[in-house]
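Protein sequences appear in the order of chains A and B. Residue numbers in the first sequence follow the numbering used here, run continuously in steps of one, and reach 496 at the last position. Residue numbers in the second sequence follow the numbering used here, run continuously in steps of one, and reach 496 at the last position.
Just so you know, these hints were derived from the structure itself, not from any lab. Incorrect hints may appear among the rest.
[Claimed, not checked] Listed next, with one range per pair, are the computed distances between beta-carbon atoms:
| hint | chain 1 | residue 1 | chain 2 | residue 2 | range |
| --- | --- | --- | --- | --- | --- |
| 1 | B | Ser208 | A | Asp147 | 22 to 32 Å |
| 2 | A | Gln135 | B | Ser78 | 19 to 29 Å |
| 3 | B | Ser78 | A | Arg54 | 41 to 51 Å |
For glycine and all other residues, C-beta sits at the position ideal for the given N, C-alpha and C.
Number of protein chains: 2
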Amino acid sequence: MALSSKYYLEVPAASLDNNKGEIDRINSLLEDFTGIKRIDWPIDLIISSLPVIRSSNGQLTVTACRDGDRLSVISVESGDTRSFHFGIAIDLGTTVVAAELIDLKTGDTLSSEGEINAQVRYGEDLLTRLHFASQGGVNELKSALLDTINKLVDITCKSSGIPSNQISAASIAGNTSMTHLFLGLDPSSIRHEPYVPVVNHVPVLNASEVGLKILPYAPIFIFPSSGSFLGGDLISGVLASGLTKSEKISLLLDIGTNGEMVLGNKDWLLACAGAAGPALEGAVAECATRAKPGAIDRVVIDPTTLEPSFSTIDDKPAIGLCGSGLVDAIAQLYSVGLLDSTGRFVLEKHTTRWQKINHRIAYMLTEERTGNNLPPIYITEKDIQNVLRTKAAMVAALTVLLNSVGISIEEVQKVYTAGSFGIHLSPESSIAIGLYPKLPLNRFIQLGNGSLLGARRVLLDASNIDEAKRIADKITYLELNVHPTFMNLFRSAKYI
Amino acid sequence: MALSSKYYLEVPAASLDNNKGEIDRINSLLEDFTGIKRIDWPIDLIISSLPVIRSSNGQLTVTACRDGDRLSVISVESGDTRSFHFGIAIDLGTTVVAAELIDLKTGDTLSSEGEINAQVRYGEDLLTRLHFASQGGVNELKSALLDTINKLVDITCKSSGIPSNQISAASIAGNTSMTHLFLGLDPSSIRHEPYVPVVNHVPVLNASEVGLKILPYAPIFIFPSSGSFLGGDLISGVLASGLTKSEKISLLLDIGTNGEMVLGNKDWLLACAGAAGPALEGAVAECATRAKPGAIDRVVIDPTTLEPSFSTIDDKPAIGLCGSGLVDAIAQLYSVGLLDSTGRFVLEKHTTRWQKINHRIAYMLTEERTGNNLPPIYITEKDIQNVLRTKAAMVAALTVLLNSVGISIEEVQKVYTAGSFGIHLSPESSIAIGLYPKLPLNRFIQLGNGSLLGARRVLLDASNIDEAKRIADKITYLELNVHPTFMNLFRSAKYI
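Bound conformation, chain A alone (with noise of 0.2 Å):
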């Protein structure tokens, strides 16, 4: 059952042998139909439903939620509209938030969409927008995120021709910042030691109260976090993958951000965090990009010319070089020997390619052109030391994570991979570096953005609400940084 419902009744006239209250006639019905005895109602929602009620001859499609032993009403609209049943499913991305507009009825999605987050403008990265929700900017955080989602609600709505009072349930994931600051609640605490959020599982809101502009009274699921680390987008993408359905050990990379991993199967969990992601971001490579039309996103090197060629995304001229692109090329450098194990440059083996850019030498994937203001495309040692602290980090904290538990990577039988870099890095390429586990093709499984499937899987199906609660509770987190073992299989994990 979806997170809201619609249910369409025929409600008797009123008579002198029943002259139960109008409410009370709308109740019994749906009472019938669910077999819920505790129906609420919202007072002002009962005297704006009135002159529906009255008009409607009888004929109504009440939107409500179904939440345990009760059913709290949502909207009251006259004759059948059973067929015009929305939610939205809402990634708080610290970047970008993403949004999708689906119909509750069919599954379909009918938009998706997303928008640099608003908050960029208080800063890029989450640490100095952090720093200025502590300095009591909380609510201007606050409503720059709304106003990012709520344009996505509109835009959505608009490329699909539905009211946005239509949309009578969201679910909404994001990191145990992003959720503090869409709450208005400052997040400082998870910054300093102990890592305390102020709330982990929040209650089932309605939009009014958080200043959604849907309908009204329509239920908002946030995603619950898990400590201050593990946040509602990664508990909402294990939900996503199934992992926890499986009696088979699988693993979830969650490269986006920061980069997060979570090991297990329906009976254990265990996960991690780190700031992996910078690296992969764009906000490193001297050349990188984030993943937008333009982005170099493939790169093969041919091995006998050692000439790049490479796909850009939407085919528009390259402007840089995204995560994916950027991890490619490594693995095409390294293949065709012009890298060595160690991350440099073979620089005896000869090409037209090798350049010197501010005094350092560079791969040049394109030329300098000029005559228009697309700056030159290259990479650097510096990138690729980069990439690599990111994939030993990446290897340390899997080691870690299977030696706890005691087994080795063979025996994950599935490696899902999400967030802005999982959807796009080539599986092929990420295992030729060592970022991806050496595993066969047809283990890795790509969810795409893992926090907005998972958001979708409760607005189709409200069971899931329970168990994301449930991932939540079980998943142990393991502090990689005061982990004996984790620097030095950290330090030994930095070659390709």
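Let chain A serve as the given structure and place chain B on it in line with the hints.
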């Protein structure tokens, strides 16, 4: 368990090993106390409580409302405040609104006050107000009633030295129209065929939703009604009487502005209602007044001298005759032979008390008192006829009720008297004139304000909410106006 509960918690400090959210740590302890997993907080309360939580050294008192399978948090205070735990019971009378401030820990009544319903400025009687409501006056009537209630909150709090935001629960009973106006619902439909209220069973709301100036998230229980004619005040009275708890058949006579009676036991409940009250209310008898200081409430006539003596409420100078004084006077006039069984004066019997007032004979209770503003107080045959009509209606109604279930009056084991007249009427006099059934005096139990009493019961024991619902669902309404024998019974009962 009271409608709101207080829990004293000692929340362990967060540590690296326990970095659950601040709210989640509180919820864990609440779950330990109550066994309830589902704990709801309004997001505003989380935000506003954080400074209290953080400055409390972990010692907190949480006030919450337990409701089915969930606990709704109402407030958070620093330290152990369990001894400050208050609720307010309110009777929404058409004329007088009454309130009792109750210590929910001890059950003590800290203050009990009544205030004229400020709606009277839109009409003394209900019908005038309902007409005003139907002309768009709902919000004005709601405000007037709310002003009266909030004034009572203020008065009872001041007289008890308790801040109003320490009141964490309210329980409210009123007739169907008053309940509607309290909620801002137009009660017009109640008065027109097929006599349908907007709502009988009102969900538990919170104080800020209805505009009650107590703790904003305090639960507000509003007694359900049954159909249009049996109001929440009557349901509350039935609850207070306890007649649904016994196998024995009992009768509840609720004599206020309307006369209502309920016959039944734990298995069945039969009720009827009619405008019985006005004759007793002060609007009908020429020298009538409400039961207030100076009202003559007890009358004795010396059988030898035929001279009256009387007492007044609070021993203040006599200003008029309230319902109980009127019933006493009629009973005494009949008893000493000054009145015959048809309700006519026996003028042949000489007394100086017979005087002509406005061309009609009256029996003078006081003399004309010149020199002060107090009018003479007397009783006329017309006053007596009015009371006898009320009495006839009561007798006919009771006969119809008894006949419907085939029992005799002697099988009625208890007679609970309630309502603004039920409080004051002398059972002896009421039996003497036939207003009350002829049963042994020890079967009569004065409930007082049954509506307020039932509201109080719910405050102190929230399981009575379900009992009130059961009563409202179980009670069967007998429509007297369409009953074939009622008018015959009425005509034959117009004698003493």
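Hints violated by the structure (numbers, ascending): none
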